[in-house]
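Using the sequences provided together with the hints, build the complete structure.
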Amino acid sequence: MSEHGHHHPAPPSAIERRVAALEALLTERGLVPDGFIEDVTRRYESEIGPMNGAKVVAKAWVDPGYKERLLADSTTSIAELGFGGPEGSNMVVVENTDAVHNVVVCTLCSCYPWPVLGLPPAWYKDPPYRARMVREPRTLLAEMGCELPGDTEIQVWDSSAEVRYLVLPQRPAGTDGMTEGELAELVTRDSMIGVARL
Amino acid sequence: MSEPLTLSELDLPRRNGELAFDAPWESKVFALAAAVVDHAFDGDREPFRQQLIKAIAAEPDRPYWESWTAALESLVQTLPAPS
Numbered sequence: 009m010s011e012h013g014h015h016h017p018a019p020p021s022a023i024e025r026r027v028a029a030l031e032a033l034l035t036e037r038g039l040v041p042d043g044f045i046e047d048v049t050r051r052y053e054s055e056i057g058p059m060n061g062a063k064v065v066a067k068a069w070v071d072p073g074y075k076e077r078l079l080a081d082s083t084t085s086i087a088e089l090g091f092g093g094p095e096g097s098n099m100v101v102v103e104n105t106d107a108v109h110n111v112v113v114c115t116l117c118s119c120y121p122w123p124v125l126g127l128p129p130a131w132y133k134d135p136p137y138r139a140r141m142v143r144e145p146r147t148l149l150a151e152m153g154c155e156l157p158g159d160t161e162i163q164v165w166d167s168s169a170e171v172r173y174l175v176l177p178q179r180p181a182g183t184d185g186m187t188e189g190e191l192a193e194l195v196t197r198d199s200m201i202g203v204a205r206l
Numbered sequence: 429m430s431e432p433l434t435l436s437e438l439d440l441p442r443r444n445g446e447l448a449f450d451a452p453w454e455s456k457v458f459a460l461a462a463a464v465v466d467h468a469f470d471g472d473r474e475p476f477r478q479q480l481i482k483a484i485a486a487e488p489d490r491p492y493w494e495s496w497t498a499a500l501e502s503l504v505q506t507l508p509a510p511s
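Line by line, the protein sequences are chains A and B.
Just so we're aligned, residue 9 is where the first sequence starts under my numbering, counting upward by one.
Just so we're aligned, residue 429 is where the second sequence starts under my numbering, counting upward by one.
Treat the hints as calculated values from the structure; they're not laboratory data.
A portion of the hints provided could be inaccurate.
Part of the chain B face toward chain A, derived, beta carbon under 8 Å [what the hints assert, rightly or not]:
1. A448
2. K456
3. H467
4. L480
5. P488
Backbone N, C-alpha and C fix where the C-beta goes; we use that ideal spot for every residue, glycine too.
Right, dumping it as structure tokens:
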């Protein structure tokens, strides 16, 4: 609050002016229908996110038949739960076990399974993560708080092809009596990227 | 950027991580790219992805959504001129 008692908005920055120019140009060309921007923003801020992937994981934990289908044909099995769309047309689910820990990266840009995880976190898009997860995954995982036993093999999946990967984390011990809904609450975004264990 | 959060901002989902966008121009340029992919490229994301890879490689330390903006500007250059 300024001493005048009202807020003076800052003038638009250079990047804001560039985006406004793009919006004006694309709207003039008829490529931006009314309400499109608001609709896309709302969906990615409130409907599409890691809670979708958590439902997939919880179902795989409680339903062995679903898990088998999920690992064999991930895209179709994820679509069974209603999740699909941009950046999700060729999904592969990779399963963590005692022997193998999977982790996902996109070395060239920011490819990420939007329908089940939403948009990627800032660190996923940053150069250090993209370079180091390939070069020294065990060290980087430990720095991120994911210490793995020395005999656990780390498998790094680079999303830079057509494929988008989702990690199926191991079901935590002591959750035998929990419902699918309760289990979904336990599943974090980071565990489905593979930078955390549950 | 450190102004108190409004109620509507607090209502947005933060569980499992951060918000998708830090500023309105970021969500706008994200949606503009979606509009171009959907309405000028029939949903084919690959041309935009190639521009994004180039934009990030050109300036690896540039903030992500600025590279995204540069990629969209380059992609728009490739569109046929309006008749």
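Taking the hints in turn, this is what the structure says about them:
1. Of the supplied interface hints, the one on A448 (chain B) holds, with its beta-carbon coming within about 4 Å of a beta-carbon of chain A, less than 8 Å.
2. Interface hint at K456 (chain B): satisfied, since its Cβ lies 6 Å from the closest Cβ of chain A, which is below the 8 Å cut-off.
3. The interface hint given for H467 (chain B) holds, since its Cβ lies 5 Å from the closest Cβ of chain A, which is under the 8 Å cut-off.
4. Look at L480 (chain B): its Cβ gets to within about 5 Å of chain A, closer than 8 Å, so that hint holds up.
5. Restraint check, P488 (chain B) versus chain A: the minimum CB separation of about 5 Å is within 8 Å; hint holds.
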